[in-house]
Amino acid sequence: MTRPGPVRIAVIVAIALLFFLPLWWVTISALRPADEIFRYLSPLSTWTFWPRELTVAHIAELWTGPFRQAIVNSVYVTLVTVVVGLVVCATAAFALAVIDFPFRNAVFIIMVISFLIPFDAIAVPLFGIMRGLGLQNTYTGLILPGIGNGLAVFLLRQFFLGIPRELREAAFVDGMGWFGVFWRIYVPLSGPAIVSAALILFVFQWQAYLWPLLIAPAPDYKVAAVAIAQLSSFYDQNFGLVFAAALFIALVPMAVLTALQRFYTASVASGGSKE
Amino acid sequence: MSRVTLSGLRKSYGAVKVVHGIDLDVAEGEFVALVGPSGCGKSTLLRMIAGLEPITAGEIRIGDRVVNALDPKKRNVAMVFQNYALYPHMTVRQNISLNLRISRVDRAEIERRVAKAARLLHIEDYLDRRPAQLSGGQRQRVAMGRAIVRDPAVFLFDEPLSNLDAKLRVQMRAEIKALHQNVRTTSVYVTHDQIEAMTLAERIVVLNNGRVEQIGTPVELYETPANRFVAGFIGSPPMNVLPATVALGEDGGLSAHIADLGAIALGKGYDLAPGSAVELGLRPEHMRLTDDDDGLALTVNQVEPTGAQTFVMLDCLGREITAVVNGMIHLAPGARVRVRPDEAHVHLFAPADGARIVNHR
Ligand SMILES: Nc1ncnc2c1ncn2[C@@H]1O[C@H](COP(=O)(O)OP(=O)(O)O)[C@@H](O)[C@H]1O
Ligand SMILES: [Mg+2]
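Taken in sequence, the protein lines are chains V and Z. To get this note's numbering, take the position in the first sequence, counting from 1, and add 428. To get this note's numbering, take the position in the second sequence, counting from 1, and add 12.
Among the clues, some could well be false.
What the hints assert, rightly or not - Some but not every residue of chain V turned toward chain Z, in silico, with C-beta under 7 Å:
#1 Asp528
#2 Asp548
#3 Ala551
#4 Phe600
#5 Val601
#6 Val615
#7 Pro616
#8 Leu617
What the hints assert, rightly or not - Calculated Cβ distances over 12 Å to all of chain Z for the following chain V residues:
#9 Phe543
#10 Ile591
#11 Trp606
I should point out that these hints are in silico values taken from the structure, not numbers from a laboratory. All C-beta atoms, glycine included, are put in the ideal place defined by N, C-alpha and C.
Could you build the full structure based on these sequences and the hints that come with them?
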């Protein structure tokens, strides 16, 4: 490998900084006293990007202040979505990949089309249905639309199709039924696909804004994405808390992705699923 | 251990008929081979017995139960697949013991049975490895282990040796035979390799295009093939088949004339009218090279020494036929030789349908 020249290094560093700076600014804004947040914006100075004083007060306030319930709600709703969603999507994908039933392809096509429709387009009619079911301001209402994810089903189905048919036939002969084949053969062999599906479900629910805003506006059920939008107006312009909350919302998916990416690449690299 | 009975068994995929009504009775403890060319429906038949493929018509019994509608797990059969189909995420031990664990056999018993199977198959040293860490031959043994550990009613084998190299195949063939003599579980063994069928099976079912051509012991198939297909399929090199015309000899017996090359005495056992056409079947080892003048005069095309025997390929009326000679023989392509067929081992087939013409003697 040849080393890049000084010009290329400069360009690379500039681009990296461009992406890094906003995050950095959010981070230090969350960590500096409230009266310093906007103080050095104009004119720009070293102090714009380097805190003179550090405080963890805003970070602590995430948990001690009004944002706490939103964090709890977001974490709970997302966790349940991922767990229940994996069960729903994986079993659906298994049926679509492996079990021969009437109109299987039609069902699959409908499912694929459903994930091509932007969620925002169906949010309002869906809200009408959910309200009719009395699911306004409930966890169920928040979670339900997130668990059947067409993209996750598609991804899992494609992966399941690649598992040789003899394996499930051997399993049948070995005394398993459909559930045994799913649980003991397909799931253990599908680590990478299941991690990807989990990430899809996770990201979809964690960054959801429009739906939670519609279905669960009550303070007890407000999720982080909704709460942050309302923080500044409700609580006398506490920008320190806003930045701390923004940082938290951004860091959680980053941490999850980083942690799972390691596992994901490892399972792809070992490639041991097929002989 | 159970007997297996197939009656009127049929299979169609949509409009395509793959198996056309098969009747077969496999006795308790018997080893039966299904042999036939690729695509003739062997695997389909085996998979119907296992319950992996729905039956279009007919009946399958295992023991005295009709199993037509039963799931594979209720049939108590064990199957060895062509590509082994070992569970890649499980160790050898887990692969072998899975059925027992599902059946909730108690742990001590599982351990005992796995150890016994491992000893029988010489895989004790790999029990904690994954399939990916094993050679082809070792995987094959594990696949066998998964079958024998269960003590099933029937073993089903679908070309289990076809992915192994020639030497290992011969070795595993002997081991499968020894294993069967040891455990005597009813076995149905699918192969396209007639030598495998001949060496392993007590009885062979020859299939062609989804139909049974003949069922019999290896010796029966070899000595009295029911038709030209079986004659050509069983035996290596295959039987030579030549067109001939029947004539009445001076002694009142019939003889078969191979164009103007010569004649072979047929004796008095055949119901054949003089002048009728027949197909004359002669095994390569029943063709003797001779110095006499009355043999068939033929030209050598090719000579293949195999060591113990030499295959001599000869041109006969534009067809290539083979003579097998014991030991080494020194002949060059193009040489003229005389060949005398062994009259006691002549097979006759009807030209129209290839059916064997019976000798009533
Ligand atoms: N799922 C299927 N759909 C349609 N035809 C099939 C299917 N499976 C097998 N066949 C056909 O059935 C015939 C017998 O197949 P198979 O039993 O696998 O043959 P063998 O094992 O003797 O080589 C073949 O002609 C094959 O093309
Ligand atoms: Mg086959």
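Going down the list of hints, with the structure as the test:
Residue-level restraint check for Asp528 (chain V) is violated (minimum Cβ-Cβ distance to chain Z is 10 Å; threshold 7 Å). Interface hint status for Asp548 (chain V): violated, as the beta-carbon distance to the closest one in chain Z is roughly 40 Å, over 7 Å. With its C-beta approaching chain Z no nearer than about 40 Å, Ala551 (chain V) sits outside the 7 Å limit, and its interface hint is violated. A cut of 7 Å between beta carbons decides the hint on Phe600 (chain V): the least distance to chain Z is about 4 Å, and the hint holds.
Interface hint at Val601 (chain V): satisfied, since its Cβ lies 5 Å from the closest Cβ of chain Z, which is below the 7 Å cut-off. For the restraint placing Val615 (chain V) at the interface with chain Z, the shortest Cβ-Cβ distance is roughly 10 Å, beyond the 7 Å limit, so the hint is violated. Given the 7 Å rule on beta carbons, the hint for Pro616 (chain V) holds: about 5 Å separates it from the nearest Cβ of chain Z. Taken as an interface hint, Leu617 (chain V) checks out: its beta carbon lies about 6 Å from the nearest beta carbon of chain Z, inside 7 Å.
Look at Phe543 (chain V): its CB is around 29 Å from the nearest CB on chain Z, clear of 12 Å, so calling it non-interface holds up. Here Ile591 (chain V) does not stay apart from chain Z, with its beta-carbon only about 10 Å from theirs, under the 12 Å limit. Consistency note on Trp606 (chain V): stated as away from chain Z, yet its beta-carbon is not over 12 Å from all of that chain's, at 10 Å minimum.
Figure legend: structure checked against the earlier numbered hints; hints not met, in rising order: 1, 2, 3, 6, 10, 11.
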